[in-house]
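Quick mapping for you: the protein sequence lines, in order, are chains A and B. Quick note on our numbering: the first sequence kicks off at 1 and runs consecutively. Quick note on our numbering: the second sequence kicks off at 263 and runs consecutively.
It cannot be assumed that every hint is accurate.
Here are a few chain B residues that sit away from chain A, every Cβ distance over 12 angstroms (derived from the structure) [unchecked claim]:
| hint | residue |
| --- | --- |
| 1 | R354 |
| 2 | Y410 |
| 3 | L413 |
| 4 | T422 |
| 5 | P434 |
Ranges of calculated distance between the beta carbons of each label pair, as one might list FRET restraints [as the list claims (entries may be wrong)]:
| hint | chain 1 | residue 1 | chain 2 | residue 2 | range |
| --- | --- | --- | --- | --- | --- |
| 6 | B | E271 | A | G231 | 22 to 30 angstroms |
| 7 | A | I17 | B | A334 | 52 to 60 angstroms |
| 8 | A | F34 | B | R383 | 50 to 58 angstroms |
| 9 | B | A301 | A | L138 | 41 to 49 angstroms |
| 10 | B | E340 | A | R13 | 26 to 34 angstroms |
No wet-lab data here; the hints were simulated from the structure. Given the structure is predicted, the values throughout are model-derived calculations rather than measurements. Note that CB positions come from ideal geometry on N, CA and C, so glycine has one too.
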Amino acid sequence: MSESTNVATTGSRTTQILGFVVLLGLSVVFVLAFVVTEPDAVQQDAVRMFYIHVPAAIVALYLTVPALAVASAMALYKKTRWWDITAAAAAELGVVFCGLTLVTGVIWGRPIWNTWWEWGDVRLLTTLVLFLMLLGYLAYRRSVVDPGTRARRSAVIALVASTNVLLVNRSVIWWQNRTLHQKSSLIEGRLEDMKLFTFALSTLVFAVMFFWMMIHRFRIGWLEHKIETVGVDAAIAERRASAHAGLDEAISHPALEKEGST
Amino acid sequence: MREIWAVAEKDLRIELRSRIVASQVLPFALIVLILFGLALDADKATLRAFTPGLFWITVLFTSILTIQRSVAVEVESEAFESLRLAGTAPWRIFAGKALAVSVQLIAIEVVLAVGVIVLYRSSFEAPGVAAVGALSATVAIASAGSLYGVLAVGNGVRDTILPMLLLPVLAPVLIGATRAFDAGLGTAAVNGWAWAGLLGVVAIIYGTIGAAAYGVVLEDA
């Protein structure tokens, strides 16, 4: 008889479909971005990085961080592990997409600004600060053992970090003379036809990818929570069993039995 | 107000008796100033040009030690528990702690200001804007520090996690304070009052968040 394999998984029919959509969507985006679309008149081929950089930034700033803020506020309000695990999942994805934004921005900046990094650019600095805040949040979560304490305290850290999104968003407007960063190409209407379609598709695919990764990361967090709970329950059961065994042994001791008979 | 002052007075009295800030934190700040001088090859023009940045980086490093000390005095004697049992509102405890840290940091900043005048040969050409900027920045540092200091309590890695959490939060303060000092020291043509005003806004935001969240983080301290 084969041994039963009850392996917990983070996959489901929905995530399989989402995963397939993401894989297909990314393939199409890469073909459109690097083969089909024309080079820019000013930026030449460097503009192709735009189709990865901007969607990653949009997902980082307007999906992961708001998700982190809402989940953290709810974790404080509802005091449930569900919201805390959601917040942790959003923060990890925030680090991933924020990191991707910074890396692609640095690669794009070299040919366009003639420098890998520009200290005078406020948007770069505020995005880097947000990235460091999210890393600090994750490091903090790892350092606190008690789940309740971890949930409450990390929620406060997350809410403070989330306010930085306003600075990142407004930086190109508030510090116009201290930024090399361009304003939104979309708002200024500089994207047309295939470029606009590629950008829109890429943003959509990145958004779906966020939800797909979020579901998986949440389920991993939930399984970790279950393991913690099972571990604690098992330890309590073992302690109770050993306590009962000790009690039985004490009762069946010859001296006690003799005393009982008299 | 009386409760806020009582908490602040307690911390300052402990400091006056133990003299940890005076005997350890302040010398550390001066050593950092000297090390910057050595690292920049004691070049007068370079030191003078970078004085605002070097000054505020030293203040940030020093503030980590001051905040750790501020939290340690409560944790070592389980005083947070006593403060809570005394019925003091968490936001008042927060305000008292932040006030005490602010006073200590201002004392350190005064000594550091003398240090940059003597060691870096800098001069305060517009002391008013430098003073207002420094005061706002100090309140912002003390507010964020008092909140994050308690967050770092009781997780076993307090000394290492606090700088990682706090320094990114204080990055806007570093930028604003450096610009305000640029105007104060005449090292760059910037609108120092605008930066001082921005620092005031940051101080109010950090103070409000700290006062609102202190009760939550104090539960587990």
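Structure-based check of each hint:
1. R354: Holds, since 18 angstroms exceeds 12 angstroms.
2. Y410: violated, 8 angstroms
3. L413: Check fails; 5 angstroms does not lie beyond 12 angstroms.
4. T422: For B:T422, whose nearest Cβ neighbour in chain A is about 9 angstroms away, the distance does not exceed 12 angstroms, so it is violated.
5. P434: Not fine: 7 angstroms to the nearest Cβ puts B:P434 too close to chain A.
6. B:E271 <-> A:G231: 22 to 30 angstroms: Check failed, 47 angstroms falls outside 22 to 30 angstroms.
7. A:I17 <-> B:A334: 52 to 60 angstroms: holds, 54 angstroms
8. A:F34 <-> B:R383: 50 to 58 angstroms: holds, 56 angstroms
9. B:A301 <-> A:L138: 41 to 49 angstroms: Once the Cβ atoms are compared, 32 angstroms apart, the range 41 to 49 angstroms for A:L138 and B:A301 is violated.
10. B:E340 <-> A:R13: 26 to 34 angstroms: Between B:E340 and A:R13, where Cβ atoms are some 53 angstroms apart, the hint is violated.
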